[in-house]
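**Q** Since chain A is already given, all that's left is putting chain B on it; use the hints.
Spelled out, the chains give:
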Amino acid sequence: MSRYTGVTDEDLREMLDAIGVGSLEVLFADIPESVRLGRELDLPQGQSEQEVYEHLSALAGRNRHAEAEISFLGAGMYDHYVPALIDTLLGRSEFLTPYTPYQPEISQGGLQVMFEFQTAISELTGLPVSNASVYEGPSAVAAAGYLAKLETKRTRLVASRGLHPHSRAALATHAAGYGMEVVEVPLDDEGATDVEALAAAVDDDTAAVFVQQPNFLGTVEDLGALSEAGKRTGALFVCAADPIPLGILKPPGELGVDLCVGEGQTLGNRLDFGGPSFGFFAADERFLRKMPGRIAGETRDVDGRRGFVLTLQTREQHIRREKATHNICTAQALNALAGVVYLSWLGKRGLVELGELLLRRTHYAREALGLEAINPGPIVREFAVRVPDLPAVMARARDAGVHPGYPLGRDYPEFSDGLLVAVTERRTKEHIDQLAELVGAPAREPAAAGEGVGV
Amino acid sequence: MSDDTLTGDDTLTVFERSRAGRRAFTAPATDVPELPIEDLLPTGAIREQPAELPEISEPELVRHYTTLSSKNFHLDEGFYPLGSCTMKHNPKLHERVAALPGHARLHPLQDPEYAQGALELMWRLQGALGEIAGLPHVSLQPSAGSHGELAGLLLTRAYHEDRGEQRTKVLTPDTAHGTNPATVTMAGYEVVKVGTAPDGGVDLDDLREKAGQDVACLMLTNPNTLGLFDRNIEEIAHIVHDAGATLYYDGANLNAVMGVARPGDMGFDIVHFNLHKTFTQPHGGGGPGAGPIACSDRIEPFLPIPQIVRRGERFDLEHERPESIGKLRGFQGNFGVFVRSYAYICSLGSDGLKEASGVALLNANYLKALMGEPGIAEYLPIAFDRTCMHEFVLSGQGAKDKLGIRTLDIAKRMLDHSVHPPTVYFPLLVDEALMIEPTETETKERLDHFAEVVRSILEEAKEDPEVARTAPHTTPVRRLDEAGAAKRPVVRWRPAA
Numbered sequence: 001m002s003r004y005t006g007v008t009d010e011d012l013r014e015m016l017d018a019i020g021v022g023s024l025e026v027l028f029a030d031i032p033e034s035v036r037l038g039r040e041l042d043l044p045q046g047q048s049e050q051e052v053y054e055h056l057s058a059l060a061g062r063n064r065h066a067e068a069e070i071s072f073l074g075a076g077m078y079d080h081y082v083p084a085l086i087d088t089l090l091g092r093s094e095f096l097t098p099y100t101p102y103q104p105e106i107s108q109g110g111l112q113v114m115f116e117f118q119t120a121i122s123e124l125t126g127l128p129v130s131n132a133s134v135y136e137g138p139s140a141v142a143a144a145g146y147l148a149k150l151e152t153k154r155t156r157l158v159a160s161r162g163l164h165p166h167s168r169a170a171l172a173t174h175a176a177g178y179g180m181e182v183v184e185v186p187l188d189d190e191g192a193t194d195v196e197a198l199a200a201a202v203d204d205d206t207a208a209v210f211v212q213q214p215n216f217l218g219t220v221e222d223l224g225a226l227s228e229a230g231k232r233t234g235a236l237f238v239c240a241a242d243p244i245p246l247g248i249l250k251p252p253g254e255l256g257v258d259l260c261v262g263e264g265q266t267l268g269n270r271l272d273f274g275g276p277s278f279g280f281f282a283a284d285e286r287f288l289r290k291m292p293g294r295i296a297g298e299t300r301d302v303d304g305r306r307g308f309v310l311t312l313q314t315r316e317q318h319i320r321r322e323k324a325t326h327n328i329c330t331a332q333a334l335n336a337l338a339g340v341v342y343l344s345w346l347g348k349r350g351l352v353e354l355g356e357l358l359l360r361r362t363h364y365a366r367e368a369l370g371l372e373a374i375n376p377g378p379i380v381r382e383f384a385v386r387v388p389d390l391p392a393v394m395a396r397a398r399d400a401g402v403h404p405g406y407p408l409g410r411d412y413p414e415f416s417d418g419l420l421v422a423v424t425e426r427r428t429k430e431h432i433d434q435l436a437e438l439v440g441a442p443a444r445e446p447a448a449a450g451e452g453v454g455v
Numbered sequence: 456m457s458d459d460t461l462t463g464d465d466t467l468t469v470f471e472r473s474r475a476g477r478r479a480f481t482a483p484a485t486d487v488p489e490l491p492i493e494d495l496l497p498t499g500a501i502r503e504q505p506a507e508l509p510e511i512s513e514p515e516l517v518r519h520y521t522t523l524s525s526k527n528f529h530l531d532e533g534f535y536p537l538g539s540c541t542m543k544h545n546p547k548l549h550e551r552v553a554a555l556p557g558h559a560r561l562h563p564l565q566d567p568e569y570a571q572g573a574l575e576l577m578w579r580l581q582g583a584l585g586e587i588a589g590l591p592h593v594s595l596q597p598s599a600g601s602h603g604e605l606a607g608l609l610l611t612r613a614y615h616e617d618r619g620e621q622r623t624k625v626l627t628p629d630t631a632h633g634t635n636p637a638t639v640t641m642a643g644y645e646v647v648k649v650g651t652a653p654d655g656g657v658d659l660d661d662l663r664e665k666a667g668q669d670v671a672c673l674m675l676t677n678p679n680t681l682g683l684f685d686r687n688i689e690e691i692a693h694i695v696h697d698a699g700a701t702l703y704y705d706g707a708n709l710n711a712v713m714g715v716a717r718p719g720d721m722g723f724d725i726v727h728f729n730l731h732k733t734f735t736q737p738h739g740g741g742g743p744g745a746g747p748i749a750c751s752d753r754i755e756p757f758l759p760i761p762q763i764v765r766r767g768e769r770f771d772l773e774h775e776r777p778e779s780i781g782k783l784r785g786f787q788g789n790f791g792v793f794v795r796s797y798a799y800i801c802s803l804g805s806d807g808l809k810e811a812s813g814v815a816l817l818n819a820n821y822l823k824a825l826m827g828e829p830g831i832a833e834y835l836p837i838a839f840d841r842t843c844m845h846e847f848v849l850s851g852q853g854a855k856d857k858l859g860i861r862t863l864d865i866a867k868r869m870l871d872h873s874v875h876p877p878t879v880y881f882p883l884l885v886d887e888a889l890m891i892e893p894t895e896t897e898t899k900e901r902l903d904h905f906a907e908v909v910r911s912i913l914e915e916a917k918e919d920p921e922v923a924r925t926a927p928h929t930t931p932v933r934r935l936d937e938a939g940a941a942k943r944p945v946v947r948w949r950p951a952a
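Same order as they appear, the protein sequences are chains A and B.
Numbering (the working numbering) for the first sequence: 1 to 455.
Numbering (the working numbering) for the second sequence: 456 to 952.
Hints in this document: simulated from the structure, not taken from any laboratory.
Positions of the beta carbon are idealized from the N, C-alpha and C atoms, including for glycine.
Misleading hints may appear alongside valid ones.
To be verified - Taking lysine to aspartate or glutamate pairs in the EDC-like style, the calculated list, with each CA pair at most 20 angstroms apart, reads:
(1) B/Lys942 to A/Asp301
(2) A/Lys323 to B/Glu503
(3) B/Lys809 to A/Glu49
(4) A/Lys231 to A/Glu190
Stated by the list, open to error - Here are the in silico distance ranges between beta carbons for each label pair:
(5) B/Pro488 to A/Ala400: 22 to 30 angstroms
(6) A/Ala400 to B/Asp494: 28 to 36 angstroms
(7) B/Ala832 to A/Val26: 42 to 50 angstroms
(8) B/Gln668 to A/Glu190: 47 to 55 angstroms
(9) B/Glu921 to A/Glu33: 34 to 42 angstroms
(10) B/Asp486 to A/Thr155: 48 to 56 angstroms
(11) A/Glu33 to B/Gln668: 31 to 39 angstroms
Next up, chain A with everything else stripped away, as it sits in the complex (with noise of 0.2 angstroms):
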């Protein structure tokens, strides 16, 4: 007998008995001869409990995780301290055991985190509808997609190529299903978004713009002008937004955007070497009855007493079937709950404090390292710049124990010797000098020793 399951011999008696077999063999009966397996499954045998923690533990050990060393690393997912609390209440089975809330009366308390994430993502986006959680970033992309073929009917989507590179994958995977087309918009030679190049490619069978804020460099982008050459033939627009900076940037919600959607790791979840996160999806109000995923609302009981239920369900694949909005089911409402307790410890104010600890460390850290910037105008929490015979430099900083970034190249074949370097507030002004010297200072000091000798 496995420690999950708790057959004795007498109830395993007992139990055929009731169901009127002789042996447990028989329930498999209706499986014909010809598909049975017979034979074990080739795996190892079980083991216990203190074995399978030893293992998992050397597998982890092998690993160089963000604490092991001094991580510039982003690109998407970000190194942000976690605090505490968050682990306590996450650990807590109420939050952690339950299903999906189909039970609405025995499931208040995860219908109403429900109702307070999509409150606290509807004041960062500045939109008026935001549902319970999509899987993550760069899927939720591609469900805005989704929404504007429905929406539109149009056939098009057009891409800023400042818009992360697994988001533009993605959005193209899922479009080659839904029947869509996807074209990219260059980057200007500052690394923001071309809104000439923007506003030429857009036409009558553009269906969505998408954009990033702030985009992969790291460029804080003009949403506003961008939104208006997007929209001039009636596409939707969207933005891909880190809802971090958004505490301090103008909310998306303000300068025409229809559907704000993104990665929400940096709200209080982990790195876990790329998930589980979660992805939000906040819209307009025209678009609530074509959200994908859950949406909880706000209702009374038969005693008048407030309450909360899965709402407007009948956008839904159990409902609705071929005729939904979107296919998703099972969605992140664990990693939104950290989402929203993230917010909500870090308050009206600390939201803000963090954006500009952020924005000035970011800032900084370019000064410090002195190289040629590829997105030279405003940027926030990452930048890229050049740097001289990069490979050697990377192999000498991570011997030095410091991650300082990652390589543009494999995405951005244009800037093949490009670093993105991410700041969280982890990374003090100590930790950035000591990138400086590692990073810069090589770089720098060639050119120096050149006019030296000019002179």
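**A** Relative to chain A, chain B alone:
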């Protein structure tokens, strides 16, 4: 229920608990020049009014969410026989190993050289899932079952297009999970429903008629949502493959057959796994999950990027796969979910997985036998009375006719007995359906208790059906106005004007 008896309404949102000036967060000191924000950002980009987030102290924040949590029923508290959801125990070890810094604090773009443990874990999980499914190639990337289904149909599309074929339809049985037809539409195909035969399996004649050259795929769950294993599976596979279509396995019910029969051996080309069902993930009130897929050789070239590969003793991410459908999401998937499910597979091993399926069948058939006893069976007859697999479906038609209470009433009355109701009103072809999946981690005593609860609810309804009709009576709220919520949606809190 906590101190809210002192402070009034325990349904106050965290926003309503906000008081200007309170805080739980202390910002790290600014150690770089405090340049004015206006010098660093264009004026038009700066937020004028801060987002209206709560202002609340740490103790009040902890109490708020602890109080909310106390209003949730959860698996660690009691029986949760939701059909098709496989609410099995979540071993506590899994939270511990997922939280190890080497897992939880690992950046997804860490160089493979410094993430060998994570990649090896994923590679080992892929191997185990492939062995369980009987299909050699695995991608862990999809984020949930529905995402896996979409991946499966995108793979199907890529496969047919590669062969120069344009197929437009996907077949789904009328017993299918709602995600199947929803996925078909998202993947750009037209849904064609296939009927169910009197024995609960696929209607073969209907299938033969509909499996034409325009059909791309048949999506099937086996055992199906009635909890029945389709005995004609080989013939079904034959018909589908003869038509040139792929056969897709919705893995929601895989818990019935682990180590006994494998989808790949049944003729399926593509499978998705619900790690949050079969391989025990805490459901978190609606996620996270993960929906890895496995496939046969002919589908393999199209799998998403990146793929985990092993080169000698080294593990790596392979990004260059020219025929790939591309990426379904960011990074490599829900790794934290993989850690837990891998731990589960290590704990159970080949012997334990097979035992889990065996006990899942034992528990389901035992509970079905209890439901077949007098006092229950005349009100809630079994919809298809055969040996079931891991779950079975009752019809509430008898209770409706004889007692004047509906399935919904029975479900709501269960809430007063501290058991979670089964899945209700699904599958659609059974009137007043109750779909019951006890899972292998429940003991005989729990099943006996559930049967007693059902019996007592029916007994009570004979005397006074109004008790069930107005249930629940003991929960934090009673029946809620769902129609009103949909008619006048209030989906966020706003301060009183």
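**Q** Compare the structure with each hint and give your call.
**A** Status of each hint after checking the structure:
1. Between B/Lys942 and A/Asp301, the direct Cα distance comes to roughly 15 angstroms. Compliance with the 20 angstroms bound is thereby established for this hinted pair.
2. In summary, the hint linking A/Lys323 to B/Glu503 is not supported, as the alpha carbons are separated by about 41 angstroms, beyond the 20 angstroms threshold.
3. The suggested pairing of B/Lys809 with A/Glu49 holds, with an alpha-carbon distance near 19 angstroms, which does not exceed 20 angstroms.
4. Of the pairs offered as hints, the one joining A/Lys231 and A/Glu190 is violated, with about 23 angstroms between alpha carbons and a cut-off of 20 angstroms exceeded.
5. Separated by about 26 angstroms at the C-beta atoms, B/Pro488 and A/Ala400 satisfy the suggested range of 22 to 30 angstroms.
6. In this structure the hint that A/Ala400 and B/Asp494 lie 28 to 36 angstroms apart at CB holds, the actual value being about 32 angstroms.
7. About 21 angstroms separates the C-beta atoms of B/Ala832 and A/Val26, a value inconsistent with the hinted range of 42 to 50 angstroms.
8. Distance hint check for B/Gln668 and A/Glu190: the Cβ-Cβ separation is about 54 angstroms, which falls inside the suggested range of 47 to 55 angstroms.
9. Separation of B/Glu921 from A/Glu33 is about 53 angstroms and departs from the stated range, judged on CB atoms against 34 to 42 angstroms.
10. Range check, B/Asp486 to A/Thr155: Cβ separation about 51 angstroms, and the 48 to 56 angstroms hint holds.
11. Between A/Glu33 and B/Gln668 the CB atoms are about 33 angstroms apart, so this pair conforms to the stated range of 31 to 39 angstroms.
Hint compliance for this structure: hints 2, 4, 7 and 9 are broken, all remaining hints hold.
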